[in-house]
Amino acid sequence: MSEYDVIGSRAARIDAPDKVTGRALFADDLNKTGQLYAAILHSPVAHARIKRIDVSRAKALPGVSDVVTCREAGTVPFGVSPARYDETIFCHDRVRYAGDEVAAVAAQSYEIATQALELIDVDYEELPAVLNAEQAMADGAPLVHERYEGNICSQVHHHFGDVEQAHEQAAVIVSGTLRSKMQNGAFIEPQSALAYVDLRGRLTLESSTQAPHYVQRTLAMALGVPLHQVRVKKPYVGGGFGPKASCGTYELVACLLALRTGRPVKITLSREEVFLHARARHEFTHSMSLGVTPEGEFLFLDHHCVLDGGAYASFGIATVYYANSLLGGPYHLKNMRFDGYRTVSNRPACGAQRGHGAVHARALFETLVDRAAREMGVDAVELRLRNVMETGESTINELNMSSLGMRECLEAVRDQSGWVEKRSRPRAHGHGIGAACGFFVSGAGYPIYRSKTYHCTIVTKVDEVGGGVVVLSGAAEIGQGCDTMMAMITAEVLGIDLADVRVRSGDSDLSVDLGAYSSRTTLMTGHAAREAALHVKAQILEVLAAELGCLADDLGFRGGLLVMRPGAAPVDWAALRKEFLREHVGFTDNPEDEALTFREASRIAFLKKGSIVGTGSYRPPALGGSYKGAAVGTSPAYGCSAQIAEVDVDLETGQVRVRKITGAHDCGFAINKTQVEGQMHGSMSMGLGEALFEEVQFDGQGRVLNPNLADYKIPTALDMPELDSIIVESHEPNGPFGAKEVGEGGIMPTIPAILNAIYDATGVRINELPVTPERIIRALKSKATGSSRSST
Amino acid sequence: MVLPRFDLLEPRSLDEALNIMAAGTAGTAVLAGGTDLLVAMKKGLKNPNLVVSLQRIPGLDGIREANDHIVIGPLVTMSQLCRSALIRDRLPALADGAAAVAAPLIRNRATLGGNLCNARPCADTAPPLMALGAVVVLSGPSGTRKVALEDLMTGPGETVLAVDELLTAVEIPLPRGASGSSYFKMIKRQALEITIVGVASQVRLEQSGGKVLDARIFASSVAPTPLMLSRTAAGVVGRSLDSATLEAAGAAASKEVRPIDDLRGEAWYRRHVSGVLTRRSLAEAGRRAGEVRR
Amino acid sequence: MSTHNRIIVLSVNGRDHEVMVEPRTTLLGALREGLQLTGTKHGCGEGDCGACTVLLDGEPVNSCLVLAVEAVDHEVVTIEGLARGNRLHPIQQAFIDCGAVQCGFCTPGMILTSFAFLERNPRPTAEEVRQAICGNLCRCTGYQKIVEAVLDAAQRLRGES
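Residue numbers (this note's numbering), protein chains in the order written: chain A, 1055 to 1846; chain B, -15 to 278; chain C, 10 to 170.
In isolation and in its complexed conformation, chain A is listed as follows (with noise of 0.2 Å):
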């Protein structure tokens, strides 16, 4: 019997029905009359000066309504983080990248948008580039901006504790790398936008976000638009994970073009383009040592890590923070020491992919888990339940564990999946099962911007006429569901069934709201809608209480009906009730229900106060420590995770088959568990693809090879296994109702427990992905001459 009478539920999304007859509009399926459709031209060449740029022929091809480069654009510097402004709307002197923007195009028909942009002549004068990591921290490499020394735009250095001494501790002490490539967001809808411009000035732009808050912030400061003249409104998304989190240049295009010929302005990128685009995942080589205790306790971790990404700096300067920030736990671990590099280089920018810079750090150091624990003769998770930290504690970097069941997800998974008995007899050839876990925040501690903003608002309305309630919101929906959670939270706390609540969110002009990224959206914005909902329930409340007379502790409501607290005096409502019916002569549904409903209770709280509107918001509190970077990885609640994945290899072609991940994630509290458990298989099938088959490939001049999803691969449904998901709930205090993050922490255990399971099939270690067969077939056979390498 649930606590409950929405939440905790499985109750359906709320835009569903919308999704499955094809109803929901996303940003391409917006038309508005008069429009004019934007192309961009793209550099073709890694590293450029442009000497020249002539539109002439450009614009007067007919239908073509306008042309604009740096010249009309302007070159007012932006980004992610303030601190880190590198970008333009086009490039002006240099283009950085095959793909950069360096013109568009606004004409009748996307097809003579295209045909205008073979007109526009460009001469570039190439210059030496860098395609990798490496080579951008060459001595004397060609430098990608003339501001980042060395190519590099970010560096952390941390040490926490003393590792050097830890290692005389040590009893044993396993060191590794992992190399990992470009990935990307690979959402099935790719990025559009529809931009248009009222008579009176006001700009909006409809389009495929995560963030309408930071968007409109970047379009009011490049355009020089005041920024309550600009919103930014989104549609129905068809999936972002990060790429999408960030304004983009074709967002901007469309709002100058909009701007200068005051039509509306549409833009969609071609699947080309959103690898184009980029702001995915970055390319990492991870080295690490972690020294282990004869008792079994993770004494140290050093940890070196590169990585670049691409020719902008995006989220990376975050990047390279969270790189090793969610290392301190969720273990017990006393010195950590970390030196990270991000570099920029001539290919696509990256910006942050759902794990952000977390994901193959975590990889490299549960593989190295795994090593210690077969080198101490110790069960892989027997290790790992040593040194879990519990609720409560803080990691060595001042991370807060205010609520943390890695513990119990590390057993549920390891009895659900039958972890002792499958590891005690020998495995069938080629068959393997290993284990992992991992981490993450329920939203980051800081916005992007230096402010004391609100991370979050909302505004809860009650419909005048009474019976429905109306969430009013920034937050954006992507298909996560925080629409559904916003309702039920709402329908909750009010008393009334989840079908009275409606959601209109995604909306710059309805309330701030940072956006959908680092898995902020239940902690926060869900504090949020609850207080707004307490706050229309405390209004209604009082008057019913004034009306009634009595006490409006004394009142609550239930399924949407007024109840007494126990021990209440009766109330007598009929004079409430003949009002209402006296209002509603005529109409046949009237209520006729043994107690008073909400419906009648809203409309007389109208009656007598007015608009009955509720508000919330949510600011986390300082947090973090002294140290510099200490913002990044902070957060009010961090979510958990524990995987156990089960392989075939075939031993002759290579070829990973996995047959069944087994997780476990602490929510905190599971606001909608089919929702919960959607984020996890989701979580899941991103890591098995980017763990066995995704990679951004570049020729030589840096060019995109596999811009497309035939040979950009990721997971069909013959690729995923059965998920076997396991909901751990451990109420966490700073969440609302104690929920908190599952949106990213599920994708942390997913890599590691692939290659554990591959090294106990085949024993062979792989340090790099993806996991290819060719990677799988040469370390076979290294390690059957003996070579002394044991891995690629």
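Treat the hints as calculated values from the structure; they're not laboratory data.
C-beta atoms are modelled at their ideal positions from N, C-alpha and C, and glycine is treated no differently.
Some hints here could point you the wrong way.
[Claimed, not checked] Take a look, some chain A residues computed to stay more than 10 Å from chain B by CB distance: (1) G1194; (2) A1225; (3) L1281; (4) L1439; (5) D1469; (6) R1481; (7) A1482; (8) T1507; (9) E1633; (10) D1647; (11) K1682; (12) G1708; (13) A1764.
[Said to hold, decoys possible] Here are the in silico distance ranges between beta carbons for each label pair: (14) B:L29 - C:H13: 18 to 28 Å; (15) A:D1175 - B:G139: 35 to 45 Å; (16) B:V55 - A:D1469: 55 to 65 Å; (17) B:A10 - A:G1840: 37 to 47 Å; (18) C:H26 - A:R1481: 38 to 48 Å; (19) C:R96 - A:S1665: 27 to 37 Å; (20) B:G139 - A:G1194: 36 to 46 Å; (21) C:S20 - B:A10: 44 to 54 Å.
[Claimed, not checked] Below, in silico cross-link-like pairs of lysine-lysine (DSSO-like), each with a Cα-Cα straight-line distance of 30 Å or less: (22) A:K1086 - A:K1113; (23) A:K1835 - B:K195; (24) A:K1235 - B:K130.
Model the placement of chains B and C on the given structure of chain A, informed by the hints.
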């Protein structure tokens, strides 16, 4: 995203189609299922002035038995091949190949004629049909000619088809005696993949004793066109398909193939996997032949 | 037929519609732009993702790789054709009830592929469902709840739930 402009004609008879082809120029393309042509056009790899659709020509989508042959029309889709009991029972390698193409959505449109005439080295129906000894019927204004399938393709995207010829039938001799065939492919994901290496084989075994009487083995994506592994095939004739024979065949195949490095796979790996798949294909073909024997 | 626009008649969701197309107009383009039926989505344009799935004579196909004129004299069913007014098809209801929808962009294609599959195979196994939908990519769900929804829909259609 956008196709280039072209003229489209939809002839209602083969003669009409051939006349159009004869009058056309090198800038004419044939449209069957569209799953190759339209993608190539969107990528800018092909830009025909005129597209001739065969879809409204009746009689090109049949699967039938005639004169100890199975005759398949060029517009038969991959899905139809997969679903045909006749193909599954008598020409299992072809059913394997058709099922290997991409995914159901593509298979519902992709045609046999298109797969063969597109002549990609990775075409999934080509090695199976070659192993089965298929012959293609090419029709032109002046009549028809028959060409062994392995002689149809001359290079990636190149065939012996004249500009005024169409592939109008594929004829496969009904396997005799204790015959079995199979097709094995190497891919990364389990669907939507372009085959990295594919090996098809057909073997005919003695009725008793199980020694191989004849064998045909073809591999895809290891040469500019699907490659006949004649030395490998010769090496198994007269032997039974025991593990020693299969090992040797695998080793021979690895030597016989001529792969290159490309975006989808490295040459050394293709060489290695050719050996593995040859062994597996022969073993399965032998097993199926054994079932026929019994 | 020349390269220019002409009006063709397409039978979509049981009704005839006139729409202006060029030879190069895809069925996807004709549906989305010509007929404002935006439920069918453009994900990649090259047959790699399945977001553009429609039924052509009952068979699921990538509409981005079918020319609009090829669909003349054939039956096209889009996602808009499944529900009867506001009465959802059991498959649509199963997708809602089983949590098979997250961002919703792959959903129309996924549902149509499933619909056609269940017509052919009313008693599928989970593996057979995965085979059927392997050409429809989803980045959000990991397919688990989609498979559950299709199996659930099969039960509903058999009158068993």
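message: Please verify that the nearest CB of chain B lies beyond 10 Å from L1281 (chain A)'s CB.
response: Holds: least Cβ distance 34 Å, greater than 10 Å.
query: Lying within 36 to 46 Å: is that true of the beta-carbon distance G139 (chain B) to G1194 (chain A)?
result: holds (45 Å)
query: Does the claim that G1708 (chain A) lies outside the interface with chain B hold up, using a Cβ gap greater than 10 Å?
result: violated (8 Å)
message: If I claimed the Cβ atoms of A10 (chain B) and G1840 (chain A) lie 37 to 47 Å apart, would that claim hold in this structure?
response: Violated, at about 58 Å.
task: Taking the shortest Cβ-to-Cβ distance between K1682 (chain A) and chain B, state whether it exceeds 10 Å.
output: holds (43 Å)
message: Please verify that the nearest CB of chain B lies beyond 10 Å from E1633 (chain A)'s CB.
response: Per Cβ check, E1633 (chain A) is outside 10 Å of chain B; nearest 60 Å; holds.
task: Check the non-interface label on A1764 (chain A): least C-beta distance to chain B beyond 10 Å or not.
output: violated (7 Å)
message: Given a hint of 27 to 37 Å, does the C-beta separation of R96 (chain C) and S1665 (chain A) actually sit inside it?
response: holds (36 Å)
- prompt: Lying within 55 to 65 Å: is that true of the beta-carbon distance V55 (chain B) to D1469 (chain A)?
  reply: holds (60 Å)
query: Are the Cα positions of K1086 (chain A) and K1113 (chain A) separated by 30 Å at most?
result: Distance of about 23 Å is within 30 Å: holds.
Outside-interface status for R1481 (chain A) - nearest CB in chain B farther than 10 Å: holds (21 Å)
query: Under the criterion that the straight-line Cα-Cα distance not exceed 30 Å, is the pair K1235 (chain A), K130 (chain B) satisfied?
result: violated (50 Å)
Hints 12, 13, 17, 18, 21, 23 and 24 from the list above are not met by this structure, while the remaining hints are.
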